[in-house]
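*Asks:* Here is how the chains run, residue by residue.
Protein chains: 2
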Amino acid sequence: MQNKGISQAVIGRLPRYLRYLGDLRENGVERVSSQELSALMRVTASQIRQDFNNFGGFGQQGYGYNVDYLYTEISKILGLDHEHSFIIIGAGNLGRALGNYLNFERRGFIFKGIFDMNPELEGIEVRGVKIRRIEELEGFLKENPVEIAVLTIPKTGAVGLVDMLVSNGIRGIWNFAHVDLDVPKGVQVENVHLSDSLMKLSYNISRYNGSKKK
Amino acid sequence: MQNKGISQAVIGRLPRYLRYLGDLRENGVERVSSQELSALMRVTASQIRQDFNNFGGFGQQGYGYNVDYLYTEISKILGLDHEHSFIIIGAGNLGRALGNYLNFERRGFIFKGIFDMNPELEGIEVRGVKIRRIEELEGFLKENPVEIAVLTIPKTGAVGLVDMLVSNGIRGIWNFAHVDLDVPKGVQVENVHLSDSLMKLSYNISRYNGSKKK
Numbered sequence: 001m002q003n004k005g006i007s008q009a010v011i012g013r014l015p016r017y018l019r020y021l022g023d024l025r026e027n028g029v030e031r032v033s034s035q036e037l038s039a040l041m042r043v044t045a046s047q048i049r050q051d052f053n054n055f056g057g058f059g060q061q062g063y064g065y066n067v068d069y070l071y072t073e074i075s076k077i078l079g080l081d082h083e084h085s086f087i088i089i090g091a092g093n094l095g096r097a098l099g100n101y102l103n104f105e106r107r108g109f110i111f112k113g114i115f116d117m118n119p120e121l122e123g124i125e126v127r128g129v130k131i132r133r134i135e136e137l138e139g140f141l142k143e144n145p146v147e148i149a150v151l152t153i154p155k156t157g158a159v160g161l162v163d164m165l166v167s168n169g170i171r172g173i174w175n176f177a178h179v180d181l182d183v184p185k186g187v188q189v190e191n192v193h194l195s196d197s198l199m200k201l202s203y204n205i206s207r208y209n210g211s212k213k214k
Numbered sequence: 001m002q003n004k005g006i007s008q009a010v011i012g013r014l015p016r017y018l019r020y021l022g023d024l025r026e027n028g029v030e031r032v033s034s035q036e037l038s039a040l041m042r043v044t045a046s047q048i049r050q051d052f053n054n055f056g057g058f059g060q061q062g063y064g065y066n067v068d069y070l071y072t073e074i075s076k077i078l079g080l081d082h083e084h085s086f087i088i089i090g091a092g093n094l095g096r097a098l099g100n101y102l103n104f105e106r107r108g109f110i111f112k113g114i115f116d117m118n119p120e121l122e123g124i125e126v127r128g129v130k131i132r133r134i135e136e137l138e139g140f141l142k143e144n145p146v147e148i149a150v151l152t153i154p155k156t157g158a159v160g161l162v163d164m165l166v167s168n169g170i171r172g173i174w175n176f177a178h179v180d181l182d183v184p185k186g187v188q189v190e191n192v193h194l195s196d197s198l199m200k201l202s203y204n205i206s207r208y209n210g211s212k213k214k
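Residue numbers (our numbering), protein chains in the order written: chain D, 1 to 214; chain L, 1 to 214.
This is chain D alone, in the form it adopts within the complex (with noise of 0.2 Å):
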C-alpha cells in the first residue's frame, strides 16, 4: 500500500465521503465534480481535491469523478473490499446496541461473539449470537481467530484484558471505555469516548451563550 504518510485527518473524512457518495450512487447519479460535492457536503472544493490527491487524485477533474469508481476505491482504501470479524466484550446496552446494529454488517463487519462477566445474561441472544461468560473468551479466540474487539465495558476491566486479546491474535481495539489503553506496536485502537464528545458539546453550548449575553 502507498498509504503510508497520510494523516488521520484526512483517513477520518473518508468514512463521509463514502456516505454521500453511497447517497448520490443511490440516487442514480453517475458523476460528480469536486465543487458540486463541495456544495453537498459543505467543505470547500480545495478540500476535497487536496484530500483525493493522498490517493492520487481519483479522476479528471474536468469531468468530475465517476460516483461509483470513487465509492470503491475509497471503500478500499478503508479496507471495506474484505471481511472483518468482531467480538464485543460487555454486553450491556451499549454492547448490545453494537451486536444489533445491521449496518456494521453491511460493511464487512462480522459479528462473531458477546461475553459479559454477568453469569446472569449468559445465553441471551443479541442478533442471534449468545452470550457467553468472560472466562470462555481466551479458549474462544483461540479456536476462532477474531481480528476486531469492541470493549464497552468500564475502564478498570478494559485495561486488564489488552494483554490476553492481544497475544490471541486481536488487531484491532475499538474502545468505548473511558480510558487510554496501552497496546504494542502494530494493534490499532480507535476510541469512542462519549463523555468527551458531550463535554465538547456542553462547551460549544456554554459559549454561544457567553458571547450571546454580552
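These are calculated hints, taken from the structure and not from any lab test.
Please read all numbers here as calculations on a predicted model, not as lab measurements.
Glycine is no exception: its CB is placed at the ideal position from the N, C-alpha and C atoms.
Be a bit skeptical, because a hint or two may be false.
[Stated by the list, open to error] Reference excerpt, derived from the structure (chain D facing chain L, CB under 7 Å, subset only):
{"#": "1", "residue": "94"}
{"#": "2", "residue": "195"}
{"#": "3", "residue": "201"}
{"#": "4", "residue": "202"}
We have chain D already, so just place chain L on it with the hints.
*Replies:* Okay, now just chain L, sitting in the frame of chain D:
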C-alpha cells in the same frame, strides 16, 4: 467569555486533560508539571503549554500546575460548572445505554426524558424515567425547558425532528444518527458517527497489514 477563537481541536483535547487531572486529584497529587503531564498523557509538554495558553496559561510553569485549580478551571471552560438537562429521542439499546450512563449525571447532565416511536416501549423505565411516545415530545418540551436532545434514531427521523426541537428551545444536539444535520446558527451539534469510527479502525488495521506484507 474570552474563548471565542479557540479551535475545536483544542476544545476536543480538554476532556482528556480533565480525565487525567481527575485521576491525579483522586490520588492526592497536588501539583503537576507540564513534563509530568506530558509523560502521563503521551503528548508533548509544548503541546500542553500551547493548549493551556489559549486560556491564559493556568499558573506558573516553574512550580507546575495546581491540580485542583486546573481541574476546576477546565471544568468551567467546558461548561461543567452548571447543569445541563437532556432528553433522549430513540429508546433502542443505544438510547437506553446513554440514559443509564451514570457518569453523565455526575458531570451535571440531567436526564429528563426519553421518547420512542414504538408504542410498546411506553412506560418502560430507564433509570427511573418512563419512556414516552414521540407524539408527546413537543408538548413535553413546551412544559419542560430542555437544553440538549440526544438523537439515537435513524437518519430520516432525525432530519425531520430538528426544526421542532430547535423551535422548542433545544440548543444542543448530540447526534448519533448517521447524517449531517442542518441547524440554525446558535444551535450546536456534536456528532458521534459510530460507523465512521469503525471504518477508521478498519483502515488502520488494513494499512498496517499492507505495510507488514511488503
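*Asks:* Hint by hint, say whether it matches the structure.
*Replies:* Outcome of the hint check:
Interface hint at residue 94 (chain D): satisfied, since its Cβ lies 4 Å from the closest Cβ of chain L, which is below the 7 Å cut-off. Given hint, residue 195 (chain D) at the interface with chain L, holds; its Cβ is 6 Å from that chain's nearest Cβ, closer than 7 Å. For residue 201 (chain D), the shortest C-beta to C-beta distance to chain L is roughly 4 Å, which falls under 7 Å, so the interface hint holds. Checking residue 202 (chain D) against chain L by beta carbon gives a least distance of about 4 Å; that is within 7 Å, so the hint holds.
Hint compliance for this structure: every hint is met.
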